[in-house]
Amino acid sequence: MRQTIVRNVSELPTYGFGPRSGPWWGAMGFMALEGMGFAVAIGAYLYLYAVNSSWPIGAPPPDLWPGTTATVLYLLSIIPNEYTNRVAHRQDLAKTRICLIGMALIGIALLVLRGFEFAHLNTRWDNSAYGSIVWLVLGLHSVHLATDVGDTVVLAVLMFTRHAKPRRFSDVTDNVFYWNFVVLAWLPLYVLLDWMPRL
Amino acid sequence: MAAEPKELRDDALNGLRLSTQLERVWRTPPGLLGALMSVDHKVVGRRYIVTAFAFLGLGGLLAVLMRIQLAGPEKTFLSADKYNQIFTMHGSTMMFLFAVPVMEAFAVYLVPLMVGTRNIAFPRLNAFSYWMFLFGGGFLWISFLFNVGPDVGWFSYVPLSNLQFTPSKRADVWAQMITFTEVAALAVAVEIIVTVFKLRAPGMTLDRIPLFVWAMLVTAFLVMFAMPSVMVASTSLILDRLVNTRFYDSSSGGHPLLWQHLFWFFGHPEVYIIFIPGTGMVSAILATFARRPVIGYPIVILSLIATGLLSFGLWVHHMFVTGLPQLGAGLFTASSMLIAVPSGLQIFCWLATLWDGRLVYRTPLLFVIGFILIFVLGGLSGVMVASVPIDTQVHDTYFVVAHFHYVLIGGAVFPLIGAVYYWFPKIAGRVLSERVGRWNFWLAFIGFNIAFFPMHILGLIGMPRRVYTYTADMDWAHLNLVSSAGALVFAVSFALLLVNVIYSLRKGELAGDNPWGASTLEWATSSPPPPQNFDRIPVVKHRDPLWADGESLPVVAGLSTDRREVLLTSLAEAEPQVREASPEPSIWPLLTAIATTIFFIGSIFTPWAVLWGTPPMAIALIGWFWPKGSKEDEA
Ligand code: HEM
Ligand SMILES: [Cu+2]
Chain A
0 MRQTIVRNVS ELPTYGFGPR SGPWWGAMGF MALEGMGFAV AIGAYLYLYA VNSSWPIGAP
60 PPDLWPGTTA TVLYLLSIIP NEYTNRVAHR QDLAKTRICL IGMALIGIAL LVLRGFEFAH
120 LNTRWDNSAY GSIVWLVLGL HSVHLATDVG DTVVLAVLMF TRHAKPRRFS DVTDNVFYWN
180 FVVLAWLPLY VLLDWMPRL
Chain B
0 MAAEPKELRD DALNGLRLST QLERVWRTPP GLLGALMSVD HKVVGRRYIV TAFAFLGLGG
60 LLAVLMRIQL AGPEKTFLSA DKYNQIFTMH GSTMMFLFAV PVMEAFAVYL VPLMVGTRNI
120 AFPRLNAFSY WMFLFGGGFL WISFLFNVGP DVGWFSYVPL SNLQFTPSKR ADVWAQMITF
180 TEVAALAVAV EIIVTVFKLR APGMTLDRIP LFVWAMLVTA FLVMFAMPSV MVASTSLILD
240 RLVNTRFYDS SSGGHPLLWQ HLFWFFGHPE VYIIFIPGTG MVSAILATFA RRPVIGYPIV
300 ILSLIATGLL SFGLWVHHMF VTGLPQLGAG LFTASSMLIA VPSGLQIFCW LATLWDGRLV
360 YRTPLLFVIG FILIFVLGGL SGVMVASVPI DTQVHDTYFV VAHFHYVLIG GAVFPLIGAV
420 YYWFPKIAGR VLSERVGRWN FWLAFIGFNI AFFPMHILGL IGMPRRVYTY TADMDWAHLN
480 LVSSAGALVF AVSFALLLVN VIYSLRKGEL AGDNPWGAST LEWATSSPPP PQNFDRIPVV
540 KHRDPLWADG ESLPVVAGLS TDRREVLLTS LAEAEPQVRE ASPEPSIWPL LTAIATTIFF
600 IGSIFTPWAV LWGTPPMAIA LIGWFWPKGS KEDEA
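As they're listed, the protein sequences go chains A and B. Take 0 as the starting number for the first sequence in numbering that gives the first Met the number 0 and just add one per residue. Take 0 as the starting number for the second sequence in numbering that gives the first Met the number 0 and just add one per residue.
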């Protein structure tokens, strides 16, 4: 088939930020389906809650301090996270490096805290359906937390190598975006795990 | 930074030099290692299609075994135990390893071509998802051959699938296979959504997207919202079995019905995940062989979306007999019937197109017409089972078996075979034999109806499903014999398809770019397409570009010719925005899939696999994402 060139795109950039870039949409897609996973897990929790006359089953509610401390930390982490977003957009390599290290440290702190959250659920996964569902919900969120921390660490390392190319800043902003999702997903889970059993 | 040399871009090259240069940049490396590294959507798509059809063959073989066993009363061809395994394997293979994967596989091959781009979004993820699918399906079948295949139905109802009633590894195998295939399906769904959203050719606005692509887009969203549910369900099941959680154990506050809710929240949309791509194939084939665009393009799209949305409201109709509150049941009956409306609208659009078109009766069109006839019948029996009083009556009888085979085979397999005939030239460069095609169609159509129509009657006179035999005094023998004979005829039609494919691959008539005179972009490149799909990215100005633009296709210039680049466009208007790098071939997706497989299968046997299985996965993932050797990074 004959072709007629009607347009030249050579002036276009080779990477973009946010909705202009492919990976951003990929992250959106994964957040949508992971969000669906959380919604289903919450649905299962509420279903088990509804069919049982006593809740929690055979255990005191989780101790409040680990979950609450984590929640505060999650909320505060938004500030450095947004700052990371800003310096990455400005393509400020030095500041981006520092921010990534900072965010990785916050993530690791939250992972350690997650250990305490499990320890203070006051129930084992095999005690009852209540124990099973709280472990599942917390486990599900932990997988996301760990994934994001792993991603942040790898990005941080990358930024100290020759691979710190301009388009990598776009990856950093996607990572920022995903962290917001991890935080946002945590908030309903905190209410569900720590406050539902106290109703 | 030095000024970029001019030869980088394709405006400096033309014709053959451009093609050769692009081919060098985009081709899959040679040799076995190259094949294992491939991230070309056409290579992966072809593998996906072939593998899914292989599973159809295996599932079909089991169907024939079941029909032999049921051909007469009190046969001893299969034992009760074997029969349980076989119907479970048949259902699981068909639903998880054939029907959904084959549709996604066609999308992997076709969608990038149809939207006019060079590769799918996230090609490495695409390669990974194929390996996951292959390993998950292989794992299920190897387990079956070693006599640890699941035997608890394709829906694995608890408590039957609990440790208490199924102490062997059978149900674990089932649950892990689900996770494998869902990981693959979900990844492909994201790839398709992003490909359609961001990689469309310039000018392909939302109302110029081909109907098949629309159908796959809606399907991808259904996958994204339905499949997490079955993953949560099967993960909970396997946790109950392996580490003693109590999700489904009613003595510790768990609830068996939780399983059914989670399962059917996925299981009902699943039917539409299979059916909606079928409708997309129908629309594509119909337009081409009626020589006119499908009438009511916006109506078809709205119907697709409405069907998708409604499909989530309906899962409870699988549970009418579980004693739910009356009001709820009434509501769900209403919405179960409501879903007939958008499907009906689509059928009217197709009939109008047929009516108005100049029909060319080639094999793909025959399958489409067969589809319409069978699907209408399946829809009618569907409206019947959607009503609570009738469902209570025919629940778990062969009436249901008849109904869902009419819907699944009529709604998906017939369009699919039509699609094989239709797109085979684009995939293989040769046309399938038309003469064999006609035999194929008539044997399939007649065989299918002889096999499945009698099951309606068998169900009404009381034959329950999932029984391995029956006694002579039940008077079911004649109809069962007829049904089994029909099943054999139906099976022969598939053998004929296979013969046709093997024969035509070598000896078929050469296809040329556009053998059917179709209107969509996949026909604007050679058959089979070169690694880069298009030498220049097309610009779309009409809904049917190849019909409207006649002999000269408008295209863009200015993409790189010495590294892989795709053009990203805006969501609604498809305005060019970015020239983004597309990944090079890589072995890491395969290594990641192997590591994941060891993790999943290991964890069936020891929970410790979660500990020692994670580091290899993490290493593989880092290898995958590390931008080493990426041309774009070196530049
Ligand atoms: C050669 C064509 C086929 C034949 C002869 C056939 C036959 C059968 C029969 C006899 C049963 C009932 C088993 C029982 O309840 O005892 C069955 C079940 C089933 N079939 Fe098919 N089938 C065919 C193709 C398909 C296809 C293409 C699909 C899906 C795309 C499919 C999906 C299913 C499912 C989901 C079940 C339910 C299994 C269960 O109850 O666990 N079948 N089939
Ligand atoms: Cu249904």
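Among the hints, erroneous ones may be present.
[As the list claims (entries may be wrong)] Coverage of chain A stretches by chain B, computed from C-beta distances (three or more under 8 Å per stretch; other residues unrestricted):
# : segment
1 : 65 to 71
2 : 176 to 189
[Claimed, not checked] In silico DSS-like cross-links for lysine-lysine, where the CA-CA straight-line distance does not exceed 25 Å:
# : chain 1 : residue 1 : chain 2 : residue 2
3 : A       : Lys164    : B       : Lys627
4 : B       : Lys168    : B       : Lys81
5 : A       : Lys164    : A       : Lys94
6 : A       : Lys94     : B       : Lys627
Bear in mind the hints are in silico, worked out from the structure with no lab data behind them. Just so we're clear, the structure is a prediction, and the values are computed from it rather than from any experiment. In this text, a Cβ means the ideal position worked out from N, Cα and C, and glycines have one as well.
query: Which earlier hints can't be squared with this structure?
result: Numbers 1, 2 - these are the hints that the structure violates, sorted from lowest upward.
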